[in-house]
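Peer 1: The primary structure of each chain is shown beneath.
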Amino acid sequence: DGGITQSPKYLFRKEGQNVTLSCEQNLNHDAMYWYRQDPGQGLRLIYYSQIVNDFQKGDIAEGYSVSREKKESFPLTVTSAQKNPTAFYLCASSISSGPGYEQYFGPGTRLTVT
Amino acid sequence: SQELEQSPQSLIVQEGKNLTINCTSSKTLYGLYWYKQKYGEGLIFLMMLQKGGEEKSHEKITAKLDEKKQQSSLHITASQPSHAGIYLCQGGSEKLVFGKGMKLTVNP
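Chains A and B, in that order, give the protein sequences. 49 is the number that the numbering used here gives to position 49 of the first sequence; each next residue is one higher, with no gaps. 73 is the number that the numbering used here gives to position 73 of the second sequence; each next residue is one higher, with no gaps.
Treat the hints as calculated values from the structure; they're not laboratory data. Among the clues, some could well be false.
Stated by the list, open to error - One side only, chain A facing chain B, incomplete, derived with CB under 10 Å:
| hint | residue |
| --- | --- |
| 1 | 12 |
| 2 | 99 |
| 3 | 102 |
Quick reminder that beta carbons are idealized off the backbone N, C-alpha and C, glycines included.
From just these sequences and the hints, can you work out the full model?
Peer 2: Quick look at the structure:
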């Protein structure tokens, strides 16, 4: 079955530690995205990648970093510079970027930082 | 920047009732997507609308995009507990943005 996997589903970290969230897709999609979801705020775009070895900042990139070394993988690192890292993180992919292509979402990772 | 406003923010209905969710854009949309989300889970794609006046249906859910391509509605007929969740619209002209979502509760 084709799809997007995110791991782990729940992640707990101490304040000041960096943490990396995994996102893998086997849909052969070129574009991949990371969103953050907070209660009452919908989804906000952190980073997106249109193609391997290329990525762009979204609306709330500060305190986050990404890499796209393989088409299938788009890991997100939440650094200690992110002031409010506790949130639900969703990864998505699409055939191509832009408004004409629907996005497919993974199951999400809930990160709690204390 | 483009924004999508969803209304209402939340809704509680009795099973069997019809309901409508709205999504309004500040700019003309290139495309409009509707997703459903169960709490704590990923988003499930429902429908995509691209043409002004377009209407699509799937089972008991109908989505419409107005002629000006600035407003979309999602209508659920004879709601069931399985329809409960958060409904999000996503759309844009240059880049895609999300509305804040509408939380639907269906009481049996």
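Peer 1: If a hint holds in the structure, say so; if it doesn't, say that too.
Peer 2: Here is how each hint holds up against the structure:
1. 12: 15 Å, violated
2. 99: 4 Å, holds
3. 102: With Cβ-Cβ at 5 Å, under 10 Å, it holds.
The structure does not agree with numbered hint 1 stated previously, though it agrees with all others.
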